[in-house]
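The listed protein sequences correspond, in order, to chains A and B.
Residue numbers for the first sequence follow the working numbering, beginning at 1 and rising by one.
Residue numbers for the second sequence follow the working numbering, beginning at 1001 and rising by one.
A hint or two may mislead.
Straight-line C-alpha distance at most 25 Å; calculated DSS-like pairs for lysine-lysine [stated by the list, open to error]:
| hint | chain 1 | residue 1 | chain 2 | residue 2 |
| --- | --- | --- | --- | --- |
| 1 | B | LYS1034 | B | LYS1591 |
| 2 | B | LYS1408 | B | LYS1353 |
| 3 | A | LYS175 | B | LYS1591 |
| 4 | B | LYS1484 | B | LYS1034 |
| 5 | A | LYS171 | B | LYS1392 |
| 6 | B | LYS1244 | B | LYS1034 |
| 7 | B | LYS1034 | B | LYS1196 |
| 8 | B | LYS1196 | B | LYS1129 |
| 9 | A | LYS128 | B | LYS1184 |
Worth flagging that the hints you see were computed from the coordinates, not collected in a lab.
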Amino acid sequence: MSSPCRRSASLAVLAVLALAACDREEREPRGAPVGESGPGAIAQGTLYAGEPSPPDPRRQEYEGNAYHLAQGKQLYVWFNCGTCHANGGGDIGPPLMDDSWIYGDSLENIFATIVQGRPNGMPSFRNKIPETQIWEIAAYVRSMSGQTPTAASPGRNDSLNAKPAEQRTPKAEPKQSTPGGPQVEGRQ
Amino acid sequence: MDVTRVRRTGAVFALALALPAAAPAHAQDAAPAKAVPAASASPPDDGEWAMPAKNYASTRYSELDEINTGTVRDLQVAFTFSTGVDRGQEAAPLVVGNTMYIVTPYPNRLFALDLTQPGAPLKWTFDPKPAASAQGVACCDYVNRGVAFADGRVFMNTLDGQTIAVEAGTGREVWRTKLGDINKGETITMAPLVVKGKVLVGNSGGEFGVRGWLTALDAGTGKIVWKAYNTGPDSDVLIGADYKPFYDKEKGKDLGVTTWPPNAWEIGGGTVWGWISYDPELDLIYHGTANPGPWNPEQRPGDNKWTGGIFARNPDSGQARWFYQVVPHDLYDHDAINELILLDLPVNGTMRKTVVRPERNGYVYVLDRATGEVLSADPYANINSSTGVDLKTGELAMVEAKAPKMGKVVRDICPTAPGSKDWNPSSFSPRTGLLYIPHMNLCMDWQSAEANYIAGTPYIGAEVRMFAGPGGHRGELSAWDPVKRAKAWSVKEDFPLWSGTLSTAGDLVFYGTMEGWFKALDARTGEELWRFKTGSGIIGQPIAYRGPDGREYVAVLSGVGGWAGAVVVGNLDPRDATAAKGFVNAVADLKDKTTKGGTLYVFALPSKR
Chain A
1 MSSPCRRSAS LAVLAVLALA ACDREEREPR GAPVGESGPG AIAQGTLYAG
51 EPSPPDPRRQ EYEGNAYHLA QGKQLYVWFN CGTCHANGGG DIGPPLMDDS
101 WIYGDSLENI FATIVQGRPN GMPSFRNKIP ETQIWEIAAY VRSMSGQTPT
151 AASPGRNDSL NAKPAEQRTP KAEPKQSTPG GPQVEGRQ
Chain B
1001 MDVTRVRRTG AVFALALALP AAAPAHAQDA APAKAVPAAS ASPPDDGEWA
1051 MPAKNYASTR YSELDEINTG TVRDLQVAFT FSTGVDRGQE AAPLVVGNTM
1101 YIVTPYPNRL FALDLTQPGA PLKWTFDPKP AASAQGVACC DYVNRGVAFA
1151 DGRVFMNTLD GQTIAVEAGT GREVWRTKLG DINKGETITM APLVVKGKVL
1201 VGNSGGEFGV RGWLTALDAG TGKIVWKAYN TGPDSDVLIG ADYKPFYDKE
1251 KGKDLGVTTW PPNAWEIGGG TVWGWISYDP ELDLIYHGTA NPGPWNPEQR
1301 PGDNKWTGGI FARNPDSGQA RWFYQVVPHD LYDHDAINEL ILLDLPVNGT
1351 MRKTVVRPER NGYVYVLDRA TGEVLSADPY ANINSSTGVD LKTGELAMVE
1401 AKAPKMGKVV RDICPTAPGS KDWNPSSFSP RTGLLYIPHM NLCMDWQSAE
1451 ANYIAGTPYI GAEVRMFAGP GGHRGELSAW DPVKRAKAWS VKEDFPLWSG
1501 TLSTAGDLVF YGTMEGWFKA LDARTGEELW RFKTGSGIIG QPIAYRGPDG
1551 REYVAVLSGV GGWAGAVVVG NLDPRDATAA KGFVNAVADL KDKTTKGGTL
1601 YVFALPSKR
């Protein structure tokens, strides 16, 4: 009886729910330190308490690599990102090629957005896309506004050629200041 | 068929032809040369506006004439009201008794305003609290096209797929029924219609691979009385013994299955997010069915029944009477959901009961509303993707060179995916016999790609970019004579028209532009007589009503958005020509002309003291 409870307790997110039904004397082991508990714990604001955490080493690995970015571009189409965000200009979802970011522009922020989904209609792709591929997509999303090294960014389009390829997209200075931001009332 | 009327009109028509000089003497009863609204569907005006289309014939015509060609120049703002939501305001306000009802885009708040008090203060607010994630599965802004009033209740739909009945006097919820599943991409944006104690509601989501349906809910309880799907086996489509289509192409067993690749009908679209009309005399409702999914036509060889067409159904059972597929195997996202205006008009000298439909593909269709026979189909806009409709077979002749092909960019297709006109409804004036059609003049480039079905994400398979059509103007208001089958006059607009029109007995036509102008034209000549600049672009449906003080008022919601205004409400990036499925490319300059808004404007003539 106690073993399913223990197993579920180790799955951090389910723990709260599962514990309620388990032995009340059982103690939850402490979770992993905040900085290490994965993209789920990524800050979405620019205001830090204390010193900001060091950047994730994967930034260099994915953002500076032409192969990963090219893969990301293809996966962006295969997982229907483009059906909601077009080729970066936006549609149902906000533009990804401009300088406005509601939920953060860092690689980790974008990773988290894809995995978790966002309240005003961004679906969660949790367990739908393998983690490595999500990093590739996230890095590609950064290339859409010129955040990745030009040498690594995709240089051609497969589509209607609706906009210049990422390599020729001028770098936008990301601003976490989308008017309204995430609101209960909806994305404004 | 009304034999006496047919005979009489036939006689007068012949007379008018033979003796044009005698016209003045017969001017009053020379009515047969003009179209008239179906009598049973357009009762005398009571000064209210209880459904978005004004009446079951969907004329959007007011018999009030205090505001007219002579007085309109003095028209001024009587009061305004901020909806607090700055997304596309497509709804028509309703006025019943001394109260005005308005519904906002998501989060679909419903407001009741007390018209007896100065400034029309808020009587109550109803907040249905729909799920926020629904915003992600609304293809083209999270709009709502209006509510319906019947028997002391207001019936509304929410973006997340619910229909709710609210007590009109108090704003108290009476019942709510969950009809759509946002995880499949289903939303509801259409205005319900109440017919014989049933609330008719259809789904949206044709860009998400949903399966389209129309359902009837018991107005008293919210229980489903019937539900008709627009794809799948006959038993689901409610095709049975009553079904008698005019054309052979609409006949056969389970065409909603056999005109698709295996199982493709399950995610084949054919939603009902547009307008429904009702003929009490024939006891038939009329509704359109939207585009098949995905947009990429090569993924769904076949006619894709019953998408892209018009159904006549029995309102009590939902059983289909006839169907006409306007666009078999749709190539261009041409939803057939536009307004359906019930008019009686002479065709070759014989009075016919017709349903008139300015279609997305650029033709005004006139169909016999008893049988579904196409009586005429004439272009009202610039078309190069089809050459016309064969009136014997009802078949639309397509231009092969403009058909989308995988791996190829097909250039300069006219009209575009939203069509020569989209959902925004025309109005019909029995005084002029003209239909006032708000429409567009755009063309597009199209590249098909393999669409990938992932539930809850769009299922499209095409990249599109749109641009202004010949002449450079992007919008147009055309006054169309359905008897002469020709334009009486038309007015060009810089931006696409995405607002409805209202016509009145004051011989005026009202409509709004995406820059925010609210205009009144002379219904006979098209001459502009008055204009007012509202706070944001207008994509709503203007109405006219008699206030508790006996005066005539005209009301419209201002607030740009919808597919056409996505560039503004979503702050989209025009550097990407495919943003908002290519519409942004055609209206990239809209951001320089207007901003978001959500305000009701009500106009009246200065009160005499």
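Evaluated hints:
no.	hint	verdict
1	B:LYS1034 with B:LYS1591	violated (42 Å)
2	B:LYS1408 with B:LYS1353	violated (44 Å)
3	A:LYS175 with B:LYS1591	holds (20 Å)
4	B:LYS1484 with B:LYS1034	holds (9 Å)
5	A:LYS171 with B:LYS1392	violated (59 Å)
6	B:LYS1244 with B:LYS1034	violated (29 Å)
7	B:LYS1034 with B:LYS1196	violated (30 Å)
8	B:LYS1196 with B:LYS1129	violated (29 Å)
9	A:LYS128 with B:LYS1184	holds (16 Å)
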